[in-house]
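Asks: With the hints as a guide, dock the two chains, each given alone in a separate frame, to form the complex.
So the protein lines, in turn, are chains A and B.
Each position in the first sequence, counted from 1, maps to that position plus 127 in this note's numbering.
No gaps in the numbering here: position 142 of the second sequence is 129 in this note's numbering, and each next residue is one more.
Because the hints were derived from the structure by calculation, they are not lab data.
Keep in mind that this is a model prediction, so the values were computed, not measured.
We treat Cβ as the ideally placed atom computed from N, Cα and C, and that holds for glycine.
Some hints here could point you the wrong way.
[What the hints assert, rightly or not] The calculated SDA-like cross-link candidates involving lysine to any residue, where the alpha carbons are at most 20 Å apart (straight line), are:
(1) B:LYS3 with B:ARG288
(2) A:LYS269 with A:THR257
(3) A:LYS184 with A:ASN210
(4) A:LYS399 with B:LEU201
(5) B:LYS93 with B:THR235
(6) A:LYS399 with B:TRP202
(7) A:LYS399 with A:GLU385
(8) A:LYS399 with B:LEU64
(9) B:LYS41 with A:THR406
(10) A:LYS399 with B:LEU56
(11) A:LYS399 with B:PRO69
(12) B:LYS5 with B:ILE16
(13) A:LYS184 with A:ASN290
(14) B:LYS3 with B:ASP286
(15) A:LYS399 with B:ARG203
[What the hints assert, rightly or not] Computed list of chain A residues with no C-beta within reach of chain B, every gap over 10 Å:
(16) ALA135
(17) VAL139
(18) THR175
(19) ALA180
(20) PRO182
(21) GLU224
(22) ALA243
(23) ASN262
(24) LYS269
(25) ASP419
As a plain string of letters, each chain reads:
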Amino acid sequence: MNTKYLIATVVVIVLIASAAFIYIYYQGQAPDEGLEALQSLVDDHGYTTSLTAYPEKIISVAPSCTEILFAIGAGDKVVAVTNYCNYPYDFVAWIAEGNMTSVGDFTAPNLEVITALDPDLILASGGVQTDSVDNLRERGYKVLVLDPTSVDGILKNIELVGNATGNRDEATALVNDLTSRINAVGETVANATKPEVYYEVYYEITSSWTIGALAWQTELIEKAGGTNVFGDQQMDYYQYQTEALIVRNPDVIVLPAEGMGTGTQAGTDAVKARPGWDTTNAVQNDRIYQIDSDIIERAGPRVVDAIEQLAEFFHPELF
Amino acid sequence: MSTDEVESTFFQRTSKWKLIILLLILALIITVVVSLNVGNAPIPFPDILGILGKQIPFLDRIIDFSSILPANEAIILEVRLPRIIAGILIGAALAAAGVLYQGIFKNPMADSYVLGVSAGAAVGASAAILAGAGFVFFELRLIQVAAFVGALSAMFLVYNLARVGSRVPVTTLLLCGIAVNFFFFAVVGVLQIIAGDQLPDIVFWLMGGYSNVLWRDIWAILPFIVIGIVIAFFYVRDLNLLAMGEETAHHLGLNVERSKQILLVVASLLTAAAVSVCGLIGFVGLMIPHLTRLVIGPDHRILLPTSAVIGAIFLVLCDDLTRVLFAPFATMSTRELPVGLITMLFGAPFFIFLLKKKKQGYSA
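One chain only, chain B, in its complex shape (with noise of 0.2 Å):
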């Protein structure tokens, strides 16, 4: 192959890169029009708009909004905008994680559970509730700061333990990871048994969930979300050499346990971030990167920004459905159902149609 066949290939390869990612936030867009619409509140699209142009400066003097209900208003812009917001930032956030702990670990089951990542914000958040979540720090929940310093510290603490000399192997790093996650949960039962009152709080966070989401909460992660996945960005090459397994890797002039260490910071960030909102929401960190690399290939470099849109959309949709599901029965019409649950219920079926489908076989 000469210099300008590689060339030509890399450039057709890039260019198709540029066309997904293209398509996906077409369709990121779409989801988040479509799910403004969706809901008990039976709020016609033009109001909808309506409602939306009425935030942009000046175009009520040439527009007349005044046929608005009050309530649509607080409708659109306080309930179901903050809950697509914070479905496309928790989503994008639990699936690239995913991404970086699969691509760490070079393991298909890897996610926020097997550093314990998940299950020191469980503990944090559980201590939170039991201490009194009515404490309010700095604008946030004494709850959601626990949550996240929950996280990175079961982090670091596997991290640390997993430490042989100055290299942080694999396996040791999945098993410490592993047992503090039993240990961590262990923690989180006692603190249920001995809850009381508090019960459902944890209960509750524990199934995850961001119903009630606040714009305030949004602010919030959204810094972290938007840091940790850009600084994920530049780090997939190195993601790409850890998949040729750290010896190659390191013969490739990569600092492995360098790009291991930054990769495993950011991947809790981000969980951290998300989970700080709301709660253990199964499923999205593990499923979303298999589910891309299915359709996408595993080329870190796609992988990830596709991931965190797919997740994104995933999230948002699975929210959508937790509305519409009992619309169609008068009597229950208002019910709602944990997103947790649905991430599962729907996700898992389609995953394996996918996984079904792809007659091959998988290679992560």
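Same shape as in the complex, but just chain A (with noise of 0.2 Å):
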């Protein structure tokens, strides 16, 4: 009887064992998928950063990379931002508070602060600040360069920066909710006449400055319902001739609120009475509009913002 009770409790012993065992093993194993993500985080530059474990403290070096790290509910993680950075939350002040580190400028993140800090990933922008990036990997840090051509690629990196983080469900949740808001908007003005679009980047004595194809910004433009009107250019921000612009004739013009510089030819009024553009349609329908250059410009989720808007610009009888 003692033998058939010490093998009943063996055996049930055991069963617990096993069980515990296997819930432990798959306690531990349901993050290892993630953890396989980790190892090959492909960024916009093809660069391959991998990672062993999910980052404790995060170097956002770009506004729209601190946009994306906040949306997806990694905030948490944020170390340090920009002096840049003013969303979603009014970052210079918690600087000023002592509330969030700043790393610097925008183009030069100081070393020193990241070197202090040292974070398990940094985030990082294409362009100017290429050059850091590949001083940071020198150095060993992991950076991961958002530098998206498209709207897809932003929404790409919103996934990329889930997976690095650990909050996938989130990153998911917000693309899906990201792009049905844009397919509502291209429902919205599927119908519509489009309007050909100047889209300012800058315009001074000095020289003009506006968008061509390569931008990513002429595709918020197009989702939005509207044609760029120096959309058959081949290129991204380049300078162009102001005489080609009152040729090609815009029905609507954009100007970001706070452009590049501040000279005297920004703002409704100012374009209105630049030379030979009061022959462009625009004018002539008073169909200038100004929007956040902080939506428009930064490839964060707040794109679909900046789609939604145009569109009300593009066909305000839609909205």
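Replies: Given below as structure tokens:
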């Protein structure tokens, strides 16, 4: 009898132990899928970063990166941002109050700050930051470069950051939400006449700058039911001839509210007063609109706000 | 040589000079006509003539101009013509200032940079941009006034720093100018670092350009440039004397210090007026006087006017190039390059070509 009880007890213990083992095993296994994704994080410049664990300390050296991190709920891991980061929170005030560390200006992240914080992951954008990124990688830091060339690229980046931080579900939910909002705009403007749109980057006495086909803002204009008046030009940001604008005669002019620089030439009234611009449809029909530069220039989740806003500019009768 | 012979060679020379000036003015007119046709907008030549003709009072009662598109009229009168006129004024001013600087310093490297004049303008402009370039001062933008004031202040600063007693030795002036130039550009560097959102404004200003120049900008600089060149023309003989050395010039009866002072002020005034509109455009002030000297010779009486006209033609042609370079490529046809890049990109090889061709070597 005793033996029977003993065997029964041992069997029960073994069963419980195996159940516990299996439970614990699968508990550990579940995040392993995510950890596998951590092994090969491929960024927009084709660079593969491998992490062994989810980062606990993240530095963002670009406003667009900061916006993505906070939008997917990874904001609590962010230990430093740039002086230009102003969304979703007033980080300049946070920095002043000592609740956030400044990594310095956008163009030149402060290496001493980064070294002192010893981050597990740094998020950067392309362009002027490329040199800094190379330098940081040579120093052994893990850096993801978010430098998308399309709206899809922005959505992929949100998922990439989700994979890197372990906030995959939030990232997927955000991407689904953004996609459905883009589609909703698309359906609304589907059958409307597309206005020709001039998007201003910079205008001063020295030069005028706009966007061609390769800038992703052109895609925002198209998704909002418009056509970039310089959309046939295979360039991204470029210096154009002012007379070409007068010839092309845009129906709508979009000005970033805080564009590059702050000359006398910005602003609706100044645009109307520019030589020759009074002959364009946009000026004659008073269709000059200002848009928050942050939502249309940052490759973050708020580009969908920009699409919705542009659609209202282009098709006021539909909204 | 008898008096008659001297007189006859003098008249031969002056009539040759008159011919040269006449030909250059003709070339300038041709340049203007050609330039009116250059640009992204395809405007037929008869329409251009029509647009210009329409501006003549009462002519519209005889000829029917109604077929002219308002957009084309705006392009010719408000975009292309101001660019051409600005190019003429700025090119002439920079080249004339270059002749004066090189003559005063007897140094082939002398231009508006050596006196710190360009750097002074850059500090003024950058500071104005940071302070808010939106401020308008008697129809002029603060940045233009500040660049103008900056250029002239730099010149006065350098001149007074370099003064030893009542004299201003050229070497001291050069060295002070170069030191101030570096110092001011360092200040511009600091201003760029703290500029933030206004950084592009400073960068584009330093790169130079006048694509979107307004008529009112032209009226603002016109008197300075015309008066400057006219005053300079009264002092060309002094430059010829200075070319023989200050000592010799002094013994030939020239008030060396006074002449230098006046010429420096005039040169800086010309530079200040030009850069206040177009920012820093390199090469023209340095190279056009040399180029002219290679072709025409070193006599300042002819060098100054010819340099001014050649500078005007050169800058207008460079500005045309910025508009046509990308025209053959349909997918980039609206692109334009900064004119300051073109002046160097095409001017430098052309200058080297001339220098090599003139085998006997170069003498200032």
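Asks: What are the numbers of the hints that this structure violates, sorted from low to high?
Replies: none
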